Every structure is written in C-alpha cells, then in structure tokens.
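Which chain is which? The protein sequence lines are A and B, in order. For the first sequence, the positions run 0 to 224 when numbering that gives the first Met the number 0 is used. For the second sequence, the positions run 0 to 333 when numbering that gives the first Met the number 0 is used.
These are computed hints drawn from the structure, not numbers from a lab. Just so we're clear, the structure is a prediction, and the values are computed from it rather than from any experiment. Accuracy of the hints is not assured; some may be wrong.
To be verified - Covered by chain B, per the in silico footprint, the following chain A stretches (three or more residues, Cβ under 8 Å):
(1) 99-113
(2) 164-178
What the hints assert, rightly or not - Computed cross-link-like contacts, SDA-like style, restricted to lysine to any residue with a CA-CA straight-line distance of at most 20 Å:
(3) B:K101 <-> A:V171
(4) A:K9 <-> A:L96
(5) B:K106 <-> A:T173
(6) A:K168 <-> B:K193
(7) A:K111 <-> B:P284
(8) B:K193 <-> A:G170
(9) B:K294 <-> A:L96
(10) B:K294 <-> A:G170
(11) A:K111 <-> B:G277
Stated by the list, open to error - Over the 10 Å line for every Cβ pair with chain B, so calculated as not near, a few chain A residues:
(12) A27
(13) L32
(14) R62
(15) F84
(16) R188
For glycine and all other residues, C-beta sits at the position ideal for the given N, C-alpha and C.
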Amino acid sequence: MTRYPLILLKTFAWIACLAPFTWLAWAAVMNNLGPDPTATIAFTTGRTTLRLLAITLAISPLRRLLPRLGWLIRFRRLLGLFAFFYATLHMLTYVGLYAGFDVGLMISDIAKRRYITMGMAAWLLLLPLAATSTQWSIRKLGGKRWSRLHMLIYPAIVCGVIHFWWQMKPGVLTPLGITVIVAVILLARLVLAWAQRRKALAAAAGDARNDGRRQSKGNSIRATG
Amino acid sequence: MLIGTPPEIPSSEITSQSEYLKRQSRRRFLRHAAAGAAAVGAAALGAERLARVLDPGQTVLAGTAGTKLQTVYSPLTTTGETLTPFYDITHYNNFYEFGVNKDDPYKHAGGLPTRPWSIQVEGLVKKPRTFGIDELLKLRPLEDRVYRHRCVEAWSMVIPWVGYSLSEFIQQCEPLSTAKYVQFFSYYNWHVEKWSGEDPGIYWPYREGLRMDEAMNPLTLLAFGLYGQVLPNQDGAPVRIVVPWKYGYKSAKSIVKVRFVKKQPDTTWNNQSPSEYGFYSNVNPSVDTVPWSQKNERRIGLPFYEQLRTTLMFNGYGDQVAYLYKGMNLRRDY
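All chains, full assembly: derive it from the sequences and hints.
Below, the structure written as structure tokens:
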C-alpha cells in the first residue's frame with residue numbers, strides 16, 4: 000500500500016477508535032448518559048474493549064485468508080493499544096466510580112466477586128502487551144519471544160468475555176454476540192494453524208532434506224506473529 | 000419539596016403529562032447538575048398542585064397512569080433529598096415479569112390491565128374478602144411520601160410516592176391474632192407478561208412477605224401513585240407495597256392477593272437464592288451479597304461524579320425501624 004491511502008486509513012482508524020470515548024465525554028458534559036451514567040460508562044468502555052480486542056485478533060486470520068489485505072498488519076498495534084486504553088478506562092470506572100477509591104473494598108471485591116477477579120485478570124494480561132508495544136521492545140525481546148508474550152491476548156480476551164457474562168444477571172444474553180464473534184476468530188486461528196501444519200508436513204514429506212518438525216514449528220510461530 | 004406554596008407560574012405554563020415526557024430528553028440535555036434535577040421535580044410537582052387548585056374537577060380518584068391524585072402532607076415523608084426525575088423512575092425499572100432489562104418494563108408494561116382491579120384477602124383473617132381498587136383509593140386520604148429506594152443492585156432513587164400506611168389496610172382486613180406474617184402476591188398472567196412465560200427459573204407469581212410488625216410499621220406504604228399521579232404500569236400499577244428500609248425487591252408491585260399466615264412465607268428471591276437474599280433483606284451495608292458489595296450505592300439520575308454515596312443501615316430509616324430487630328443477629332438474619 001502506498002503512503003497516502005495509508006495515512007488516510009490511519010486517520011479513519013483513529014477517529015473510529017476515539018468515537019466511543021468522544022461520545023462518552025460529550026454525553027457526560029451534556030449530562031445525557033441515561034439514568035445511571037456510571038453504568039453507561041462502564042458498559043460502553045467494556046464493550047469497546049472487547050470489540051477492539053476482537054478486531055485486533057481478527058487481523059491475522061484475515062491476512063492469511065485474503066493475502067491482498069496484508070497491509071492490515073499496520074493497524075494491529077493501533078487497535079491493540081486502543082483496546083488497552085478502553086480497558087484502562089473501564090478499570091478506572093470501577094476503581095473511581097464504583098469503589099470510590101476504597102482500597103479495602105477493592106481487595107475484598109477482587110477476592111470475592113468472580114467477575115471482578117476475571118476482569119482484573121484480563122486487564123493485567125493486557126498490561127505487558129501494551130508495555131511492549133514499541134519497535135524497541137520487539138528488538139529487545141527478539142521476535143520469537145515477543146510473539147510468544149503477545150499470545151497473552153488469547154487468555155485476555157477469553158477472560159474478558161467470561162467477565163462480561165459473569166457480571167450480567169441470569170437471563171440477560173447481551174454478551175452472546177461478542178462471544179460468537181470471539182469464538183469464530185479463535186476457531187479460525189485453530190483451523191488455519193492446523194492447515195498450515197499439514198501443508199508444512201506435506202512439504203517436508205516431499206522434501207527429504209528438510210526436517211518436518213522444525214519446519215512446522217517455525218511456521219506456526221510465524222502464524223501468530 | 001412536596002409542601003409549601005406553589006410556584007407562581009401562569010396556567011398557560013403548566014406542562015401536560017405527555018408534553019412533560021416529551022420534554023424530558025431535552026431537559027436532561029439542558030440540565031447540568033443535581034440542582035437542575037431538583038428544579039425539574041419541583042416544577043413538576045408545583046404544576047400538579049397548581050392544576051389541582053385551578054381545576055379541582057380534574058382530580059378524580061382512579062383512572063389510568065397519569066391521572067392526578069388528591070394528596071395530603073405526611074410527617075413521615077423524607078426530607079433533605081433531591082427527587083429522582085420522573086423520567087428515570089419510569090424508565091429504569093426492575094419488573095421481571097416484563098423483561099430483565101431496565102427499559103423492558105417501560106416498553107412492555109402497557110398491557111397490564113389495571114382496571115378493574117381488586118385485592119383478594121385470605122388466610123388468617125376474620126372473614127376472607129376482596130377490596131376493589133376504588134374502595135382502596137377512598138379508604139384513607141392519600142399522602143405524599145418521599146422515600147429513598149435502595150435496590151440490591153447497589154443503585155438508589157428518591158421517589159415521591161402517593162399512598163397511605165399499609166397498617167390502615169391491614170386493620171380493614173381484620174387479621175386473627177395467630178397471623179404472624181403477611182404474604183403479598185403480584186399480578187401474574189404470562190399472556191400479558193410475556194417474558195415471565197419464557198423463564199423457567201422463577202416460580203410465578205411474584206411473592207413477597209413481611210413479619211406482621213414490619214407490615215404494621217407506619218413507614219410501610221400501600222402506594223397508588225408517584226409524583227402526585229396514578230402509578231405508571233412499570234412502577235407497579237395500580238397498587239403496590241413500599242418498604243423503604245428494605246431492598247427494592249421486598250416492595251412487591253401490582254398486588255392482587257394478600258394472605259395472612261402463621262409461618263414465615265415463601266418469597267420469590269429468597270426462594271431463588273436463599274444464601275443471597277434473606278427473608279428480611281433489610282438494607283445493610285455490612286452484609287455483602289455475592290454480586291455486589293452493599294457498602295456504596297449509585298444514585299440514579301445524577302451526573303456520574305455525583306452518583307456514588309455511602310449506603311446507610313436500614314437505608315437511613317433506623318430511627319423508625321431498628322426497634323423491630325432488637326436482639327436479632329442481622330448478619331445471620333439478613
């Protein structure tokens with residue numbers, strides 16, 4: 000992709016990623032956040048986090064399925080960091096607006112309430128990913144280790160979805176949509192990894208000079224990169 | 000806020016109910032702080048009162064939601080609180096028969112057949128009988144009673160109810176001295192309340208109950224209206240119980256049957272999850288429930304930075320009700 004369309008698309012991505020925050024800020028100023036503004040803020044930031052994480056995760060399988068969309072990789076860090084931005088806002092909504100910065104209350108909440116435990120776990124899993132999002136970190140860690148570390152996005156999104164379900168009252172099916180989407184993405188990754196491995200093994204079998212195991216391992220790591 | 004002289008506004012400025020609702024979103028948009036919310040509440044009440052003065056013929060008893068009710072002052076009203084806007088009280092409800100989302104009752108409670116209506120009285124009474132809604136409305140003067148309302152989901156409101164003490168009604172029922180508890184049954188018809196028919200988890204109809212002395216406490220209200228008018232369907236029309244020192248689910252809506260019994264009666268949420276929802280369910284910041292800490296609450300209808308407040312024991316009504324639980328361990332009998 001040439002430079003100018005990329006700049007244009009990045010601008011769009013920024014605007015799209017900032018839209019939920021801008022809406023919240025505007026609605027807060029206008030006092031238009033509904034009967035329970037705190038809950039609206041928590042719900043909006045939480046939902047946006049899961050959506051951005053899902054989009055971030057969808058990029059790799061999309062590139063594999065449609066090689067022409069290879070340039071999507073350039074948006075992955077942006078989307079991932081915005082996911083972390085909303086996750087942090089979500090966590091701070093709890094800390095400030097629900098717990099009122101009461102440390103004792105937060106400790107007992109995290110220990111007692113499984114949805115808070117799960118939400119906190121998801122945020123903690125995202126923290127090292129955001130911290131190592133720079134080119135410098137990739138160089139410092141080495142591509143392989145960096146890739147492996149960033150596989151934490153899988154447990155993070157699973158924790159996030161479970162957290163969403165656990166804080167709903169029984170009978171409310173709001174998290175169903177995002178659950179299906181995440182399940183499809185995770186399944187796609189598994190299927191693609193399996194196909195890759197088969198292809199690699201076939202290639203290895205066809206070429207006696209290559210070590211099939213090593214080949215397939217190398218490929219699966221690249222698949223997550 | 001409920002008493003005092005009406006504000007000096009010309010009759011042409013009086014807002015009709017439909018117009019009032021229409022303006023709500025605009026109002027919310029214009030409103031910036033709690034002071035604004037108070038002004039809306041006060042203006043609405045002022046308008047109701049003024050309308051009554053100007054056109055007494057309009058204040059008939061009965062009718063559907065929105066009909067104005069003739070009310071008198073009550074010393075039992077809670078003072079010093081900003082009223083939650085009418086819009087929020089009527090668009091943010093838990094009324095599971097109509098759905099589990101907060102706006103479901105507002106959307107789906109329209110079909111609740113509030114007329115004709117009667118309450119069947121049975122169990123340990125001198126003589127079982129039925130009270131028609133018009134008879135109930137005329138039983139005692141209807142009082143304006145502002146109460147804090149604390150939901151177990153850790154949100155709260157301040158609601159200007161209209162009604163009289165449940166004890167007045169209970170006296171008319173003539174319970175026997177063997178009656179130690181009273182059980183309430185809510186309206187149930189899954190053709191009307193579609194969602195309830197689909198949910199296998201709850202045994203309908205909705206049931207609640209109180210110990211006799213709790214039911215006879217003057218704070219316990221038999222409510223027919225809010226904001227000076229007939230209860231909107233989603234708030235439990237045409238008649239409901241309000242127990243301000245207990246979590247909201249104890250205040251059963253749309254009552255069709257009252258049964259006086261000897262033993263502690265079955266109540267819906269206690270039946271659902273006994274470890275979480277006790278029979279008493281007094282507001283108690285020191286007894287946590289599993290999904291929510293009960294230490295804090297969020298006041299509905301305020302800007303996000305003003306919502307959080309500390310939950311008070313008995314929802315702040317300890318002076319009037321603490322004696323009921325003397326000698327009881329409220330950590331065990333939650």
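* Asked: L32 of chain A clear of chain B by more than 10 Å, beta carbon to beta carbon?
  -> 7 Å, violated
* **Check on F84 of chain A being off the interface with chain B, judged by Cβ distance over 10 Å** => Fine: 19 Å to the nearest Cβ keeps F84 of chain A off the interface.
* Asked: Taking 20 Å as the top limit, are the C-alpha atoms of K101 of chain B and V171 of chain A close enough?
  -> Measuring from Cα to Cα gives roughly 11 Å; hence the hint holds.
* To do: Over 10 Å to the closest beta carbon of chain B is the bar; see if R188 of chain A clears it.
  => Correct as stated: the minimum Cβ-Cβ distance to chain B is 33 Å, above 10 Å.
* Asked: Given the proposed pairing of K106 of chain B with T173 of chain A, does the C-alpha separation stay at or below 20 Å?
  -> It holds: about 18 Å lies between the C-alpha atoms, which stays within 20 Å.
* To do: Measure nothing beyond the straight line between the CA atoms of K9 of chain A and L96 of chain A; if it is 20 Å or shorter, mark the hint as holding.
  => 33 Å, violated
* Asked: Holds or violated: K168 of chain A with K193 of chain B, Cα cutoff 20 Å?
  -> With Cα atoms ~19 Å apart, K168 of chain A and K193 of chain B stay inside 20 Å; holds.
* Asked: Counting residues of the segment 164-178 of chain A with a beta carbon closer than 8 Å to any beta carbon of chain B, are there 3 or more?
  -> holds (count 5)
* Was A27 of chain A rightly flagged as not at the interface, with every chain B Cβ beyond 10 Å? -> 6 Å, violated
* Sort out whether L96 of chain A lies within 20 Å of K294 of chain B, counting only the CA atoms. => 13 Å, holds
* Hey, K111 of chain A versus P284 of chain B, does the alpha-carbon distance stay inside 20 Å? -> Roughly 16 Å between the alpha carbons, so the hint for K111 of chain A and P284 of chain B holds.
* Asked: Does G170 of chain A lie within 20 Å of K193 of chain B when you go C-alpha to C-alpha?
  -> 14 Å, holds
Figure legend: structure checked against the earlier numbered hints; hints not met, in rising order: 4, 10, 12, 13.
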